[in-house]
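Asker: Chain by chain, the residues:
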Amino acid sequence: MLKDGIADPQGQTIEKALPALGLTGVSEVRVGKSIVLEIDAPDRDEAYSRVMQMCDRLLANPVIEKFEVTIA
Amino acid sequence: MSVRAGIVLFPGSNCEQDCARALGSLGAETRIVWHQEKELPDVDIVVLPGGFAHGDYLRTGALARFSPIMEAVRAHARSGGLVIGICNGFQILCEAGLLPGALRRNVNLKFLCKWTSVHVDNSTTPFTSRAEAGRSLRLPINHFEGNWYCEATELEDLRASGRLVLRYAENPNGSLGDVAGVSNEDFNVLGLMPHPERACEALLGSEDGAVLLGSMLDHAEAGVRSMPV
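Protein sequences appear in the order of chains Z and Y.
Just so we're on the same page, our numbering is the position in the first sequence counted from 1, plus 43.
Just so we're on the same page, our numbering is the position in the second sequence counted from 1, plus 1.
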């Protein structure tokens, strides 16, 4: 997801399109990406810390994006 | 001895031949270098050409940054060698941390393929020395993600230090500060969204790209001449 305060061209485009369908009252549309993966790890903490590393190094670009990790 | 340029070919690059032709016409020896190579051949300049490296999956440039050749590109830059990233090459250099900022989707989600007028705001870099200060260049753009961004404080630092080298006369893509091209701190790495290699022959509508590529060759040639034999 783009960091707060960074203009999101995809969100803005969707926001402009919705009223054309009669779907009004929508603002602050932000578009992100969800990446689902399975990980072979001994416990949840280990899985979490490895996925955080993946986010830092590849899955997200820290210059413009923020991310959160949830474990199902 | 001619200046030697290595043009990195990633799976999905599509401007490497254009770069080779343009640099060749300006007197350079060029060599295409596959991204899986771990070492660069003996070259003075590294070019990261346009295209869609690794399909641009995840984010533009995100996967290319981890191609084996990139360690050698990083080392070349660190030792003061010239590196130019054009379009997708610019995106890769930002992802690799060799240049500041990041490139977002264009405003209005428009893929842009058109001519632009680009001002040279710093004519003292190795890539712009053939331009007089304030010179405008007619160059084509061809991209979906050219909307450059960095933090506001960093933008001011970059502007003050002359690193916002190229600026659109009319902002086509939403890029912060109208930035079309930005350099690293030592001015030996430049990234730009416009394609100078597609504007080196009058037949193609402009020869202004040769101002940038020619400057780069001048600079490299001076380095080659000063090398001990």
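Note that these hints are calculated values from the structure, not bench results.
Worth double-checking, as some hints may not be accurate.
[As the list claims (entries may be wrong)] With a cut-off of at most 27 Å between alpha-carbon atoms, the simulated BS3-like pairs for lysine-lysine come out as follows: (1) Z:K46 / Z:K59; (2) Z:K109 / Y:K115; (3) Z:K46 / Y:K39; (4) Z:K109 / Z:K59; (5) Y:K111 / Z:K76; (6) Z:K59 / Y:K115; (7) Y:K39 / Z:K59.
Since this is a predicted model, take the numbers as computed values, not measurements.
Asker: Against the structure shown, which of the earlier numbered hints fail to hold, in ascending order?
Answerer: Numbers 2, 3, 7, in rising order.
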